[in-house]
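Asker: Listed below, chain by chain, are the residues.
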Amino acid sequence: MNVVARISPTGVEPGSISDDRKAADQALVDKARIISRTIGAAHAADVDEKARFPQEAFDALKEKRLLGAMIPAAYGGDGASLAAIADICSALAQGCASTGMIYAMHQIKTSSLITHSADSTWHLDFMRRIAAEQLLIASATTEGGGVGGDLRTSVCGVDQQGDIFDLTKEGALISYGAQADAILITARRHPDAPPSDQVMAALTKDQYRLERTGAWNTMGMRGTCSDSFTFIGQAPAEQIMTRPFAEIASQSMLAHAHLLWASVWYGIASDAVARAEAFVRAEARKRPGTAPPGALRLAELLALLQNMKSLILAGIARYEGAKTDADELSSIGFVVAMNSVKIAASQAVGEIVTKAFVICGIQGYRNDSPHSLARHMRDAMSAPVMINNDRILGNTSNLLGVYKHDPSLLR
Amino acid sequence: MKAKIRDILAKHGRLPVSIDTLGDQDDLHAAGLTSFGSVEIMMALEEAFNVEFPDRMMNRRNFASVAAIESALQSLMHPQAA
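Sequence lines, in order, name chains U and R. Each residue of the first sequence is one higher than the one before, counting from 1 in our numbering. Each residue of the second sequence is one higher than the one before, counting from 1001 in our numbering.
With the rest of the complex left out, here is chain U (with noise of 0.2 Å):
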């Protein structure tokens, strides 16, 4: 067994979740409840319609040092498991689907930090810096130049000068750019190197400059001020992660991306059908003793949200079983399990809004009521084309061609 060098949050066998783990991870949803009820939902409208960063959901998110709660206890964090991480993201997204990505993005890049950051002094200290000092770390994977969206394929290259490197990365979508702290940034290994062999370097504010290229003006998702820039940094080479950026892709940033992602669609789909709840109850009242015509649909409606609930928490169970396996997390049957959570959650996520719109009828549709929907709709528009799912679907009818699926329930 090829054994991830991953440190370990508690010290606790991998797997297994104690009553305290528990306990604490409760303890941090909790916060983040708390946070998305108050803060994020009051300023969710005002950041849809500004397409602004959500300042004050992450200044309160920092003030309750909820950016460093995946990291592990040992680097000041507070070493939450991947399921309660989820949990937060959805608490946040029920409040506000920006707020919720943005985390979401950012434990992403975390994740990468804790499972490959073993054998790398700098990059170990870093996370004590992302848990002490509450950093946000954005991502720079995307690019122009023909690579787009593709984000296993670099054109620029790492341009190494002794201990020191410069990276210069055209056209990159970087989803709150401007507001991140640190940046973790692909690029070929060196500029002659295949566009595939690629290597991740973090970069924290103050050794990058972004010229900002294009803004974000969208349907949905508008507080994540993914902006494109031109990245122009210098560091020192030591801040190159050691492992080349093909296995952080798969052992980390695959699971977590579309699990966390999942999460944040969840949170949508979860409000969408609490404002349905709200509005098929407002009717009962008006009219006692019967039932609205909504209440069928709303029934039917629970179901489909009960069925996404499940696939996300199939893919967590799956995941946590997986992690400290590298040969599992990168086996085609992995790959190919997340990839159908991102497909199925994004696709169910647009389902369910759209099915709730149908319960709240025009009071759904309107910007100005409480049963409105709209900004759900939208928000939930991203979900098939944030990592299109026809290329996601490409790369897994690829892999069809050596790969059968698993047919036991329980496994």
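Hint data in this document are derived by calculation from the structure and do not stem from the laboratory. None of these values were measured; they are calculated from a predicted model. Take these hints with a grain of salt, some might be off.
No more than 27 Å apart at the CA atoms, straight line, and that leaves these computed lysine-lysine pairs for DSSO-like [unchecked claim]:
#1 U:Lys-205 x U:Lys-62
#2 U:Lys-309 x U:Lys-22
#3 U:Lys-309 x U:Lys-286
#4 U:Lys-50 x U:Lys-205
#5 U:Lys-404 x R:Lys-1004
#6 U:Lys-404 x R:Lys-1011
Since the structure of chain U is provided, determine the placement of chain R on it from the hints.
Answerer: Chain R in isolation, oriented as in the chain U frame:
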């Protein structure tokens, strides 16, 4: 066996460089082997050697070099020796 593996790499690997320029231990991923390329190779190897790669063996490590592919194939063909 190595010659047959090299032949398959040349035909199906989609490498940006000629396989003849690489040694048996050289890193194929660093030479530009993509995950799509490794799947193509895997299918060709299964056909050529009449073996089936179990899911757990379909990973980056087993396709890192000509030597790694050979040892993966050997463990499939002679499981008792692995």
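Asker: Is it true that the CA of Lys-309 (chain U) sits at most 27 Å from the CA of Lys-286 (chain U)?
Answerer: Violated: Lys-309 (chain U) and Lys-286 (chain U) sit about 32 Å apart, past 27 Å.
Asker: Would the hint linking Lys-404 (chain U) and Lys-1004 (chain R) be met if the CA-CA limit is 27 Å?
Answerer: Within the cut-off at roughly 26 Å; holds.
Asker: Going straight from one Cα to the other, do Lys-205 (chain U) and Lys-62 (chain U) come out at no more than 27 Å?
Answerer: 17 Å, holds
Asker: Measure nothing beyond the straight line between the CA atoms of Lys-404 (chain U) and Lys-1011 (chain R); if it is 27 Å or shorter, mark the hint as holding.
Answerer: 25 Å, holds
Asker: Given the hint that Lys-309 (chain U) pairs with Lys-22 (chain U), does the C-alpha gap stay at or below 27 Å?
Answerer: 19 Å, holds
Asker: Holds or violated: Lys-50 (chain U) and Lys-205 (chain U), Cα atoms, limit 27 Å.
Answerer: 25 Å, holds
Violated hint for the displayed structure: number 3, the only one.
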